[in-house]
Amino acid sequence: MFKLKLTALGHPNPESFNCEDEKEYRSVVLWLEDQKIRHYKIEEREGLRNIDGDNWKEAYDIYQRDLVSPATEGQPNEQLNWLLSYAVRLEYADNVDKYKNAKIEQPKQAAPNVVSTNPLDNLDFSSPAFKAGVERVSALTGVGPHPDPKYRLAAIAKILKTSPHIDVAKTEANIIQQPADVLKLLFVQDLRDLQTKINEALVAVQAVTADPRTDTKLGRVGR
Amino acid sequence: MVVRQYNEELKYLEKINPYCWRIKKGFQPNMNVEGVFYVNNTLEKLMLDELRNSCRPGMTGGFLPGVKQIANVAALPGIVGRSVGLPDVHSGYGFAIGNMAAFDMSDPKSIVSPGGVGFDINCGVRLLRTNLHEKDVQPIKEQLAQSLFDHIPVGVGSKGIIPMNARDMEEALEMGMDWSLREGYAWAEDKEHCEEYGRMLNADPSKVSLRAKKRGLPQLGTLGAGNHYAEIQVVDEIYDKYAAGKMGLERVGQVCVMIHSGSRGFGHQVATDALVQMEKAMKRDNIETNDRQLACARINSVEGQDYLKSMAAAANFAWVNRSSMTFLTRQAFAKQFKMAPDDLDMHVIYDVSHNVAKIEEHVVDGKVKTLLVHRKGSTRAFPPHHPLIPVDYQLTGQPVLIGGTMGTCSYVLTGTHQGMTETFGSTCHGAGRALSRAKSRRNIDYKDVLVKLESMGISIRVASPKLVMEESPESYKNVTDVVNTCHAAGISKKTVKLRPIAVIKG
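Order-wise, the sequence lines are chains Y and L.
Going by numbering that gives the first Met the number 0, the residue at position 65 of the first sequence is 64; the numbering climbs one at a time, nothing skipped.
Going by numbering that gives the first Met the number 0, the residue at position 220 of the second sequence is 219; the numbering climbs one at a time, nothing skipped.
Be careful, since some hints might not be right.
One-sided and incomplete, this derived list gives chain Y residues near chain L with beta-carbon spacing under 10 Å [what the hints assert, rightly or not]:
{"#": "1", "residue": "41"}
{"#": "2", "residue": "56"}
{"#": "3", "residue": "64"}
{"#": "4", "residue": "66"}
{"#": "5", "residue": "67"}
{"#": "6", "residue": "71"}
{"#": "7", "residue": "177"}
{"#": "8", "residue": "181"}
{"#": "9", "residue": "186"}
{"#": "10", "residue": "197"}
{"#": "11", "residue": "204"}
Quick caveat, the hints were computed from the structure, so don't treat them as lab data.
We put the CB at the ideal spot given by N, CA and C, even for glycine.
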């Protein structure tokens, strides 16, 4: 567990770290503060340094609160996960220039590149026209701001797919009718998804079995 | 049959509202339930005239009048609710065409009757939409009509262009549209928008005679003759914008293709075979009916079960048939417009069956009951939120496709809750004949019919022009009267009106 993050931070033995072991857990926390986070001055780290002491837990709680960790109430592994992520973030901030140019090696593609003829597939998501379009639709549907227009578009799609569009007056009959209608619509939507999957399966089978033929020589017009 | 004066007969009929008449018990002997029929003023006159004519002395032989047939059906064992006549009702074999009747599956005496399904088992209508506009099609209308005519073989004795052997046929009978899907003649979405998902699961090809299979095999993918047709239509009027939108019909002038066909000689043979079996079963089980043509068997008897299994196979045949013609239509359009059918948005809006018997659940007198619902010349019209209709139509109700006669308009309706309670979710199926075929041939000249269609700007391709007068608009009731009656009576709701611009016919 946490192998990737520990490796990234240069921990001496990321492979063998066992999160469940109390002693190892404590020493990793101390290592993080000593080497990476350095939130306290050296003399303030006494509480965390006392790994075998009974007061370590209290010191750790205070430490987390001082870091304003959102995971103070969580499980120990959740708490450590946040600490590790925080450390990674600090590490990155210290050496932005170094990491910025890091490249992930692309796995070799087995399938040939398919050039799509669907105009939607060729949309330029970073173009100003696209951003402006999403802005307009967001205003109409009441979707809040987000820096990534694609994210907003996904939110709009979700709203359009699931929410009823018409506001109906709240009468006594409607109070029962409306939820029933909503359930019916959700059911129809599920059914549509299912039917689409069935059709896809049929088409996949057809790719193997289908061989439609005609022979005009057989034809005969009647009288 | 009881012989009475016309005035005496009228005492058994009561107009309960402007669009609905009741047929009281006693109108025909042994009626278990009452009858009912839906008409407006014009159709009412036709209906009563037919009855009056049959009351004249010396009028024997031929079909009984529709009202009498509805009442005879009400006398069949196990019938529940009412025997219902829809506005397009006219005399048929045993049951009137445009008659629906439901039988209680839990009653051991309940019967199934081939006459209540009809000879063209699972005859039905399918509607395809396109994203084309009338102005795209008008300039090449003649070529398009010819191309359709070349792709879809029509007429008596026509043969299909999809290669099939006996084994394919067995599989198609069992699998219905799933066969078309597997072989690639249909799209996955077609199945979704088809009544019963295009397959009756109880089909058993081993119950079908060799003769029926031999008749059916070469006919798969052919339109047939009689009132069957393929039409290129345009949206003429939209009454319910929301429901039409759900069907992908967005604007006036949008081009659609309607295919009206059934199970061809196959279904006819299945029905004929069953009638022979049932006559024996009636003698054995002492089933009495008012009319010899109402041959039937108990649902739980061997004959009853065998019929239901072979009928289901015939229903599957009809769906494969309509799917094959859909495939051929898509090819014809793709060739003319040099575009893929996908890009022309040629989706199936819906596919209805108007000659079939189905096991359904309905509420009768406040209790849920499993019924065998016979619909002959009657279309299922289920209301919104019914579990058996496609997800896309859950909010609008099931689309109901009403094919007009050659050269007149067609309609798309939707099912309603009122129809569910009053008519077991059933409505009309088309215009309904007003003149018999023989009478049409005597009174109308085929050249006049063709000239008239041409003057209306309708391209027409017919295999047998000399039979065209049987299908002339004059031979039928006015489809608009029929549809308006269903709408006014509340048993279904008008959504879209379509007008033909090209007709392919047998």
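Which of the listed hints are broken here? Numbers 1, 2, 3, 4, 5, 6, 7 and 8, in rising order.
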